[in-house]
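Asks: Sequence:
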Amino acid sequence: MDTSAQLAKHLKEVYFGGNWTASNLTAQLADVSWQEAIAKVGTLNTIAALSYHIGYYVTAISSVLKGQPLTAKDKFSFDHPPVESEEAWSAMLMRIRSEAEELIRLIEGLPSEALDKDFADPKYGTYYRNLLGLIEHTHYHLGQIAVIKKLIRERV
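Here the working numbering = 1-based position in the sequence shown + 1.
Accuracy of the hints is not assured; some may be wrong.
Listed next, the in silico DSSO-like pairs over lysine-lysine satisfying Cα-Cα at most 27 Å (straight line) [to be verified]:
1. K76 <-> K118
2. K76 <-> K124
3. K151 <-> K41
4. K124 <-> K74
5. K74 <-> K118
6. K41 <-> K74
7. K41 <-> K150
8. K150 <-> K67
9. K41 <-> K76
10. K74 <-> K151
11. K124 <-> K67
12. K10 <-> K67
13. K118 <-> K67
The set of hints was computed from the structure by calculation and includes no laboratory data.
When you get a sec, could you build the whole thing from the sequences and use the hints?
Replies: If you want it as structure tokens, here you go:
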């Protein structure tokens, strides 16, 4: 399996299952209600904010892989639309999953030799660094979501 295929596989596993951590974003979010998604636990980010944040970078990287300029800004990465109903929460989750599926397909189609090229701007490093970083970033926030979910449910 070439490196692009391996990266796509790892991204797919953190979103949809099959990784060695036995945790994935889809399963963790499947039973989260919209009220839980926006519930505050101290000064921690909400599950909705973290979910949006994860998806924000998927969208940014997808745009670059489709030949568009990198326009994402870190300062906007938590600025999610209001989640005031189950429908709004479900729509956010569907969008996040669908954009992850699209990025997985784009990575699968990326020639492995492209992984050593600069991503959008040399200051961001290579495609490989950014794709691997996205996977690590998703695992990091997945862990936060799992803990926040437990904290919310324990206080009830």
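Asks: State for each hint whether it applies.
Replies: Here is how each hint holds up against the structure:
1. Of the pairs offered as hints, the one joining K76 and K118 holds, with about 26 Å between alpha carbons and a cut-off of 27 Å not exceeded.
2. With a CA separation close to 18 Å, the supplied pair K76 and K124 stays within the 27 Å bound.
3. Simply put, K151 and K41 have alpha-carbon atoms about 13 Å apart, close enough for the 27 Å limit, and the pair holds.
4. Annotation: proposed proximity of K124 to K74 holds, straight-line Cα distance about 14 Å (limit 27 Å).
5. Restraint check for K74 and K118: satisfied, since their Cα atoms lie roughly 21 Å apart, inside the 27 Å limit.
6. For the hint pairing K41 with K74, the CA-to-CA distance comes to about 24 Å; that is within 27 Å, so the pair holds.
7. Between K41 and K150 the alpha-carbon distance is near 11 Å, which keeps this suggested pair within the 27 Å criterion.
8. Under the criterion of a C-alpha separation no larger than 27 Å, the hint pairing K150 with K67 is inconsistent with the structure, at around 34 Å.
9. Of the supplied pair hints, the one linking K41 and K76 holds, its CA atoms being roughly 20 Å apart against a limit of 27 Å.
10. At most 27 Å may separate the alpha-carbon atoms for a hinted pair to count; K74 and K151 exceed this at roughly 30 Å.
11. Straight-line distance between C-alpha atoms of K124 and K67 comes to about 20 Å, which keeps the hinted pair within the 27 Å bound.
12. A threshold of 27 Å between alpha carbons decides the hint, and for K10 with K67 the separation of about 19 Å falls inside it, so the pair holds.
13. In summary, the hint linking K118 to K67 is supported, as the alpha carbons are separated by about 15 Å, within the 27 Å threshold.
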